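Got chain A; can you put chain B on it based on the hints?
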Amino acid sequence: EDKVVQSPLSLVVHEGDTVTLNCSYEVTNFRSLLWYKQEKKAPTFLFMLTSSGIEKKSGRLSSILDKKELSSILNITATQTGDSAIYLCAEETSGSRLTFGEGTQLTVNP
Amino acid sequence: DTAVSQTPKYLVTQMGNDKSIKCEQNLGHDTMYWYKQDSKKFLKIMFSYNNKELIINETVPNRFSPKSPDKAHLNLHINSLELGDSAVYFCASSPTGVGYTFGSGTRLTVV
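One line per chain: the protein sequences are A and B, in this order. Residue 1156 is where the first sequence starts when you use our numbering, and the numbers rise one by one after that. Residue 64 is where the second sequence starts when you use our numbering, and the numbers rise one by one after that.
If we strip away everything but chain B, and leave its shape as in the complex, we get:
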């Protein structure tokens, strides 16, 4: 299936742990993104990569580190997880100048 797929779909972990979320797209898009959706449903951009190059890096704690090994993958690694990191994280991709396709989200719960 052509899609943006992210894993895992659910992640429950303890404070202080380090975790990664993976994202892959097979749409041939140039740009990939990470968005965070908090409990109030606000979607906010975190990072954007274009052809493996970081182009948007919002004010996000440096415990969050994106990695793009190639154009089709954008992973998100989070160190020293905190309670406030609990949210749904969406990966997305877009060709240049057209709307996004979102992945189905990873619900992260930090306990």
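One chain only, chain A, in its complex shape:
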């Protein structure tokens, strides 16, 4: 089974800071790399990345995939308290199986 490793496991910042979350994955049967945000309940979809070097943006969040380094980063600029959540990275492999990392617990303090 492919392994997905996220770092840091937890992060505490102040409102307005910029954060970078890291994800590395293994390559067997890779189809895509996904980012999810999980607050109290269900993980909610943020990004799906399939091509290396193409940044995807949604408001203050952006993400990019590096297939050479088998990694992805998720950037959040001008963080707000509402960004506090667990951010999950997942590798999608054949059969539409998702292998999740352990998550990064982000806490944004006012």
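FYI, nobody ran anything at the bench for these hints, they're computed from the structure. As the structure is a computational prediction, the values presented were derived from the model and not from experiment. There's no promise every hint is true.
With a straight-line cut-off of 16 Å between C-alpha atoms, the simulated EDC-like cross-links for lysine to aspartate or glutamate are [as the list claims (entries may be wrong)]:
{"#": "1", "chain 1": "B", "residue 1": "99", "chain 2": "A", "residue 2": "1257"}
{"#": "2", "chain 1": "B", "residue 1": "104", "chain 2": "A", "residue 2": "1194"}
{"#": "3", "chain 1": "B", "residue 1": "107", "chain 2": "A", "residue 2": "1257"}
{"#": "4", "chain 1": "B", "residue 1": "134", "chain 2": "B", "residue 2": "93"}
{"#": "5", "chain 1": "A", "residue 1": "1195", "chain 2": "A", "residue 2": "1238"}
{"#": "6", "chain 1": "B", "residue 1": "85", "chain 2": "B", "residue 2": "145"}
{"#": "7", "chain 1": "B", "residue 1": "130", "chain 2": "B", "residue 2": "116"}
{"#": "8", "chain 1": "A", "residue 1": "1196", "chain 2": "B", "residue 2": "93"}
{"#": "9", "chain 1": "B", "residue 1": "130", "chain 2": "B", "residue 2": "87"}
{"#": "10", "chain 1": "A", "residue 1": "1195", "chain 2": "B", "residue 2": "101"}
{"#": "11", "chain 1": "B", "residue 1": "103", "chain 2": "A", "residue 2": "1194"}
Estimated spans, in silico, between C-beta atoms of each pair [as the list claims (entries may be wrong)]:
{"#": "12", "chain 1": "A", "residue 1": "1214", "chain 2": "B", "residue 2": "140", "range": "36 to 46 Å"}
{"#": "13", "chain 1": "B", "residue 1": "142", "chain 2": "A", "residue 2": "1167", "range": "39 to 49 Å"}
{"#": "14", "chain 1": "B", "residue 1": "90", "chain 2": "A", "residue 2": "1186", "range": "16 to 26 Å"}
{"#": "15", "chain 1": "A", "residue 1": "1260", "chain 2": "B", "residue 2": "71", "range": "19 to 29 Å"}
{"#": "16", "chain 1": "A", "residue 1": "1172", "chain 2": "B", "residue 2": "140", "range": "18 to 28 Å"}
{"#": "17", "chain 1": "B", "residue 1": "142", "chain 2": "A", "residue 2": "1162", "range": "35 to 45 Å"}
{"#": "18", "chain 1": "B", "residue 1": "158", "chain 2": "A", "residue 2": "1225", "range": "22 to 32 Å"}
{"#": "19", "chain 1": "B", "residue 1": "158", "chain 2": "A", "residue 2": "1182", "range": "32 to 42 Å"}
{"#": "20", "chain 1": "B", "residue 1": "90", "chain 2": "A", "residue 2": "1233", "range": "26 to 36 Å"}
Listed next, the stretches of chain A that the computed footprint assigns to chain B, with coverage defined by at least 3 CB atoms under 8 Å from CB atoms of chain B [to be verified]:
{"#": "21", "stretch": "1194-1202"}
{"#": "22", "stretch": "1245-1258"}
A virtual CB, placed ideally from N, CA and C, is assigned to each residue, including glycine.
Relative to chain A, chain B alone:
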């Protein structure tokens, strides 16, 4: 509302009991899944069905049995519940080749 809905949201039961969790999606997706999230927040796949056919069956005790009566439903039945089964169980669905939509989870507590 278009969604993946699962019931119940909370389930507290005694060891040894048998319980079921139901999941329905009205998104027209082909594939449905069950994931387990343990106390360390790790989400791990348990089962996947595509058009009522089992396609992923991870190393899960055979006390867990999924049933898909049709493409829009995937239920999870658990026999002889054990303390270690306590977790949040998420149902999800996806169209082929695109990211998932998760249900809101069922928090199972075995006492």
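Just tell me: holds or violated, for the beta carbon distance of residue 142 (chain B) and residue 1167 (chain A) against 39 to 49 Å? Between residue 142 (chain B) and residue 1167 (chain A), where Cβ atoms are some 43 Å apart, the hint holds.
Claimed coverage, the stretch 1245-1258 of chain A by chain B - three or more beta carbons nearer than 8 Å: With 10 residues close enough to chain B, the hint holds.
Does the Cβ distance between residue 158 (chain B) and residue 1225 (chain A) fall inside 22 to 32 Å? Taking Cβ atoms as reference, residue 158 (chain B) and residue 1225 (chain A) lie about 26 Å apart, which means the hint holds.
Outcome for the supplied range 36 to 46 Å, where the beta carbon pair is residue 1214 (chain A) and residue 140 (chain B): About 41 Å separates the Cβ atoms of residue 1214 (chain A) and residue 140 (chain B), which means 36 to 46 Å holds.
Assess, step by step, whether the Cα of residue 1196 (chain A) is no farther than 16 Å from the Cα of residue 93 (chain B), and give holds or violated. Distance ~23 Å between residue 1196 (chain A) and residue 93 (chain B) Cα, so the pair is violated.
Has the hinted range 32 to 42 Å been met by the Cβ atoms of residue 158 (chain B) and residue 1182 (chain A)? violated (24 Å)
Within 19 to 29 Å or not, the Cβ separation of residue 1260 (chain A) and residue 71 (chain B)? Holds: the Cβ-Cβ distance is about 27 Å, inside 19 to 29 Å.
Taking 16 Å as the top limit, are the C-alpha atoms of residue 107 (chain B) and residue 1257 (chain A) close enough? holds (10 Å)
So if I understand the rule, the pair passes when the alpha-carbon distance is 16 Å or less; does residue 1195 (chain A) with residue 101 (chain B) pass? holds (14 Å)
Residue 1186 (chain A) and residue 90 (chain B) - C-beta distance against the hinted 16 to 26 Å: holds (20 Å)
Does the alpha-carbon distance linking residue 1195 (chain A) and residue 1238 (chain A) stay inside the 16 Å limit? This hinted pair holds, its Cα atoms lying about 12 Å apart.
Could you check the hint for me, namely that residue 90 (chain B) and residue 1233 (chain A) are 26 to 36 Å apart, CB to CB? Once the Cβ atoms are compared, 33 Å apart, the range 26 to 36 Å for residue 1233 (chain A) and residue 90 (chain B) holds.
Hint compliance for this structure: hints 6, 8, 16 and 19 are broken, all remaining hints hold.
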